[in-house]
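K.L.:
Take the given structure of chain A and dock chain B to it, following the hints.
Sequence lines, in order, name chains A and B.
Residue numbering for the first sequence follows my numbering, starting at 764 and increasing by one per position.
Residue numbering for the second sequence follows my numbering, starting at 764 and increasing by one per position.
Read the hints as simulated data drawn from the structure, not as lab findings.
Certain hints may be false.
One copy or any two copies: either way a pair holds, since identical chains are not told apart in the list.
The list that follows gives simulated cross-link-like pairs (lysine-lysine, DSBU-like), each with its CA atoms no further than 35 Å apart [unchecked claim]:
1) K1022 - K1092
2) K1235 - K1289
3) K912 - K1338
4) K1018 - K1231
Given next are the chains, with one letter for each unit.
2 protein chains.
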Amino acid sequence: MNITLPSGKNIPVQPDMSIQGALKKAGVHLTSSCAGKGTCGKCKIIIKSGPVDTHSSTKLTREEIKKGHVLACQSFPRGDLSIEIPKESELVVEGKIAVGKAKDLLDLLHSTGAGIDPITERKILNLPPPSITDNISDLERLKRELFSKGLGCLRVPFRFLINLANILRKKNWEITLTILHTEDCYEITNIFPGNKKTTRCGIAVDIGTTTIVVYLIDLNDGSILDIASTYNSQIKFGDDVITRIVYAEEHTALKTLNKAVISDVNSLLSLLRKNHNISLDSIDNLVIAGNTTMTHIFLGLDPSNIREDPYIPTANSFPISYAGELGVKVNPNTPLYTFPCVASYVGGDVVSGVLASRMHKNKELCLFMDIGTNGEIVLGNSEWLVTVACSAGPCFEGSGINHGMRATEGAIEDVRINRDTLEPEIEVIGEDVQPIGICGSGMIDAIAEMFVTGIIDSKGKLQKGRSKRIRKGDSGPEFVIHYGENRDIVLSEPDIENLIRAKAAIYAGFSILLKEMGYTFNDVHKIYIAGGFGKFLDVEKAIILGMLPDLPEGKFKYLGNTSIAGTYLCTLSQKMREEAEDIAEKMTYIELSVSRSFMDEYVSGLFIPHTNIDAFPNVKSLLKK
Amino acid sequence: MNITLPSGKNIPVQPDMSIQGALKKAGVHLTSSCAGKGTCGKCKIIIKSGPVDTHSSTKLTREEIKKGHVLACQSFPRGDLSIEIPKESELVVEGKIAVGKAKDLLDLLHSTGAGIDPITERKILNLPPPSITDNISDLERLKRELFSKGLGCLRVPFRFLINLANILRKKNWEITLTILHTEDCYEITNIFPGNKKTTRCGIAVDIGTTTIVVYLIDLNDGSILDIASTYNSQIKFGDDVITRIVYAEEHTALKTLNKAVISDVNSLLSLLRKNHNISLDSIDNLVIAGNTTMTHIFLGLDPSNIREDPYIPTANSFPISYAGELGVKVNPNTPLYTFPCVASYVGGDVVSGVLASRMHKNKELCLFMDIGTNGEIVLGNSEWLVTVACSAGPCFEGSGINHGMRATEGAIEDVRINRDTLEPEIEVIGEDVQPIGICGSGMIDAIAEMFVTGIIDSKGKLQKGRSKRIRKGDSGPEFVIHYGENRDIVLSEPDIENLIRAKAAIYAGFSILLKEMGYTFNDVHKIYIAGGFGKFLDVEKAIILGMLPDLPEGKFKYLGNTSIAGTYLCTLSQKMREEAEDIAEKMTYIELSVSRSFMDEYVSGLFIPHTNIDAFPNVKSLLKK
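Here chain A stands alone, though its shape is the one from the complex (with noise of 0.2 Å):
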């Protein structure tokens, strides 16, 4: 049996294989979040001819399946099938290349006062050969040198010396070492033979619930060389880190999560050096960052402990692991250094962010906040650090929402709705794009209007009759923000509600840091707002919806992907990890799931904006208006 896209591309299917396994084998990745359950409904294709067993979904609505849509999961091909694949279905694997950043982060690291300063350096050395007069041994004759350059702790692992007395010989006694710095000592990491100083990179990697993005980097300028990015493969097993961990635990499957990310870290490598034709061995280290149970699947360490109270992490600082143990393919030597974690929800995306954003230097206090598939919030200035995560769940970034989205090519990421005729004006990512549903932007914008508006009261119910656009869909009341040839994309009442809960639980994050630290949000110099979610955000219509705090919209500065910002510091700088680990150490961390007033503080934010409307003088006024 056969399965034929539009491409005209031919996949086999082997017998009681579901379209998605089908497609999947043979490359062909669709969006899903709920392991092939068919409970997310995100898997829709569209039969177009040929036989097929499907079962029903609510995750259907009438007009679909009288259009020939299907869950790829809950679908069985019984003879020759033609399929279409809608955009918003397929998971694109992106494999952009772009250079740019460059200057703006190498002037970054150069106002921090750091020098380039990697965590290996190379060091060429020319040996003295022996002679019968000078007969010490081939690892005498290697540290005698290195001590005459001033390498006095020097450790040499064992596996080096299997080699040695070749390498040696073979170019003349020239040899190029790789030297790991440790805080207490020096330790060989690679030997090659000659002169191997010209090309010398090091690797950035962020690994994202979301998206991995890696960053190509030329040790001996601090430049750019490329960037490469994707969508982390683990997604097929959970949109949030809470779904993955119960994924690893109910099917036994950490090794086949780990085995996910190591992978789409080994094609992003892959395609970067061939396309800047960089061997294995030019690369001379690694630098990630992720969030705690990213780290942790990335390292192979199990999660499950972070999931459960007390929520323990195996480790928040990690000895450097390398290359060959992990799987990475470069040379197995390569050491990788993690970057360190806070406790079970703060990460070292978040201290990554912290250490690129600079507040730790910064003597006014400042807020930071990374909104991505979790939410993180830190607190504080150069002499302390407070921080919280929110459960805010990755509703902004599209999971439980009908038609949410990332923002990416075709999301509506701007709703504005007329105030006379009540008709939503859309903006859509990408040029002469229909739009295929809405990200987080866009329905921060949307909820926004629609109170304003009065679409929606202050708890998000939708009034019926303000709006023709009002009407009852499969899961309750609906707004329609966009008539589709295809489809109609819509908000409905328990999306909205999805959404203020997310809201309501990062404003009473912000909360509870200013409360437990005796501040109010005047004391706020700054915010910080990182991650991709921030990128189309509209702070005004996040304030409306009470989501960021009612302050000048001068206080908020968006700063883009912190914590690759950050992993690339670390690739260069001595200075930088440094500053990492102090920052991950003085980080205090509070746990919101036992805090009695942070629940008082959410509830107080199930409304839009607030229970209390004065801390919101300006949306108050608006709404006088």
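P.N.:
For chain B alone, kept in the frame of chain A given last:
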């Protein structure tokens, strides 16, 4: 086709497989030092019946050929065979287990002032379980506990994180750690759930060129639980280190040689573990000593530069390695300490021997000699140590001598020649055993006696007519030491020349050391004789031969296998390991191969006892009688 042994055992043979090959495949090993080239003549067997193709060999006498002897490596069955393996051809794997020496060695350890302080220790920890108010990570919890116990500087290799969460929780936060003491820090080498302190063993290994000895040591009280030994299976590839290095180079067979010795050690370990019901995890560490070549091959390091001017080993001092990377079958994380070597031909076995002799702590001048397969001599006191390696060759172990053999059952170890009848009286190792060859001490006795009785002259030439036992043999004139039923045991003129060359090299070694340091033999307080060879040595005869200096017998002391003794000491004590490193560091190696005065001394020694008879006053007066 089958080969039938007298025991009734049937061994299958493939076409074109030599008898030696077929036997080897079935686990029956024959002695051999030419790797199957047909040149050493050691793998003689007797064809009782059946067709065989065999190449002629000068290594077989007419008598032997008549009796059905063939060289197994040069003979190919052409049908079913019935054969017999003469005792002298069979390579016996001892597998001998004998408890003993425990008290002596423990006393030696105590006499040095050292306590029991192995390279690893076990720590049982009961960690406080985490709670929401004490929610540091697993690794931090472990480090906190160890820090409170004084282990500030602690390295946790990344691999121990992989299963840490699980191990900590398995026995309710009780764990047992194995911790390695390194130069600068502590390092975790193993983690087990629960209390695992009960059994805890160390393994001391002496890798001799000929014999491998393993001690199983209780690390809690220092007692030797058991001893096992076997021939080094590398014997198949050559009797001495040079032959093996050449074999490794010519056949790119380093891995083969390495596997042979590793597999020997594994067999002994497995035997010891089974007999004492000791689990893989109960073995905490290994300590090995061997000469420089044996050490290199055991560790998998290329020994080829040891053989070539300027004779450079890969290393003389070795980083800790781990059982897993060496293929030693205990827990793969078990650390292995390797005795430091001094130079290409003075290895860890000599360092270990000096350590056990305690000469490095003696204010008086001492000489140490270890004449095994190689010959090394050390001169010194508590202030300094100098050493030479004499290329004595392995003839005292039977190699290159027609009827030579090691000092095992069936070897003639004592020869007296009746002053009147000139008939030899012999003593054989073993009870009620027919002689099958002659070992090193037997040869020394025989030559000294033949010299004193005028059967040979001072150049070692047989005096035809002096005895009817002098006859013409296949390799020249020979003296029949024993008339046997199957074969006579003889010493030929080439045998005698071989032995004279060897003894001349040893004596020249002594002389050079003393001369270099400005001493004479009379300044020497003690001469320590180490190695299996010394066990049956008659010092008086060795003096007559001119191998040992003409000093009172009370100055000579036989110490036994000092290499394993020193290895035992280092398995138990940090102080001993430090002393071993000190010995290796302060021992000055004199390269004889380029020494003009060594050649002079050597040539002067090619007479019995010596060109300068005045250096042997007692021999001189004996001869006058």
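K.L.:
For the identical chains here, do K912 and K1338 meet the 35 Å Cα criterion within one copy, between copies, both, or neither?
P.N.:
For K912 and K1338, both the intra-copy (22 Å) and inter-copy (31 Å) Cα distances are at most 35 Å.
K.L.:
How would you classify K1235 and K1289 at a CA-CA limit of 35 Å: within, between, both, or neither?
P.N.:
Neither way: K1235 and K1289 sit 43 Å apart in one copy and 107 Å across, limit 35 Å.
K.L.:
Are the CA atoms of K1018 and K1231 at most 35 Å apart within a copy, between copies, both, or neither?
P.N.:
neither (51 Å within a copy, 82 Å between copies)
K.L.:
Using 35 Å as the alpha carbon limit, work out where K1022 and K1092 are close: within a copy, between copies, both or neither.
P.N.:
The answer is both: 12 Å in one copy and 29 Å across copies each meet 35 Å.
Hint violations for this structure: numbers 2, 4, all remaining hints satisfied.
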